Amino acid sequence: MAVAVFFVAAAVAILGGVGVVSFHQPIRSVLSLVLVMLALSVIFLLLSAQFVFAVQIIVYAGAVMVLFLFVIALLGPARELGRGRLRYQGWTSAVFVLVLLGLMWTMLQGVQYRQPDKTDLNFFGTVQSIAVGLFTTYLYPFELTSILLLVAAIGAIYLSRKRIDES
Amino acid sequence: MSTLSIGGSELDASWFLLLSAILFGLGAIGVLVRRNPLVILISIELMLNAANLTLVAFARQLENIEGQLFALMSMTVAAAEAVVGLAILVDIFRVRDAEDIDDLSELRG
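So the protein sequences, as listed, match chains D and L.
For the first sequence, position 61 (counting from the first letter as 1) is numbered 61 according to my numbering, and the numbering increases by one without interruption.
For my numbering, add 167 to where a residue sits in the second sequence, where the first one is 1.
Chain D with its partners taken away, still in its complex shape (with noise of 0.2 Å):
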């Protein structure tokens, strides 16, 4: 049963991967992108990642491309009209992704899996354990990500402000 999931999530997830690439219009490449955040988060309760799953729903599904749906009404439909000025810029960039792709293949192959920890699977995943990871051990990285929001956020002001001086 575990394996029909993860073998539909991942069918649904290349696909709207291959979706992101080839449509032209932007915002049937980001309904795209949610069909695959939404097929990775199947994946990730698969996982046993109860909370990676919702923060994935939630955060990402929801949140950033909301984000970029509002972009994308706010700018207009813009499509890719004619060609690049690059040539020979698909075949050269195929050959790139076949290149870094065989390289995580063979890097794949020789993979040395260590023997897992034995944690209680029970409790991997939960709210809890990743409560007591976040407030104990990873504190100090947890504490610099409300530093690492506070510069978006004030960067994004910034960046968005009306400006008075100019024109």
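Hints are supplied without guarantee of correctness; some may be wrong.
For each label pair, taking beta carbons as the anchor points, the in silico distance ranges come out as [stated by the list, open to error]: (1) L:T170 - D:S146: 33 to 41 Å; (2) L:S176 - D:Y140: 38 to 46 Å; (3) L:D270 - D:P141: 35 to 43 Å.
Derived from the structure by calculation, the hints contain no laboratory data.
Since we're looking at a predicted model, the values are computed, not measured.
Cβ coordinates follow ideal geometry from the N, Cα and C atoms, glycine included.
Starting from the known structure of chain D, fit chain L onto it as the hints suggest.
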């Protein structure tokens, strides 16, 4: 190879890594081929999601929660990146049309 027992059935851990590699490659193709800056940002999000899948898969394989914590951190970074990137894009679009990212080649000094 290491098999994970999920819901009573066995699934090889490298399937997750393979899916992640494919999604990452698709995102890389999007960044390299597409010329609309919005679509390039969307492809970067796709690559970040693929990396998150690797982190969560290894967290499950090692039965160690740290991979999931790192995935949450990278989601935060991705959200911040999307906010700042979109703000820059809106700022550029305010001045001029930037439907082709190759048009923005005079960024100097």
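Hint-by-hint comparison with the structure:
Look at T170 (chain L) against S146 (chain D): about 39 Å separates their beta carbons, and that is inside 33 to 41 Å. With their beta carbons about 39 Å apart, S176 (chain L) and Y140 (chain D) fall inside the hinted range of 38 to 46 Å. For D270 (chain L) paired with P141 (chain D), a C-beta distance near 39 Å keeps the hint of 35 to 43 Å intact.
When the structure is compared with the earlier hints, no violation turns up for any of them.
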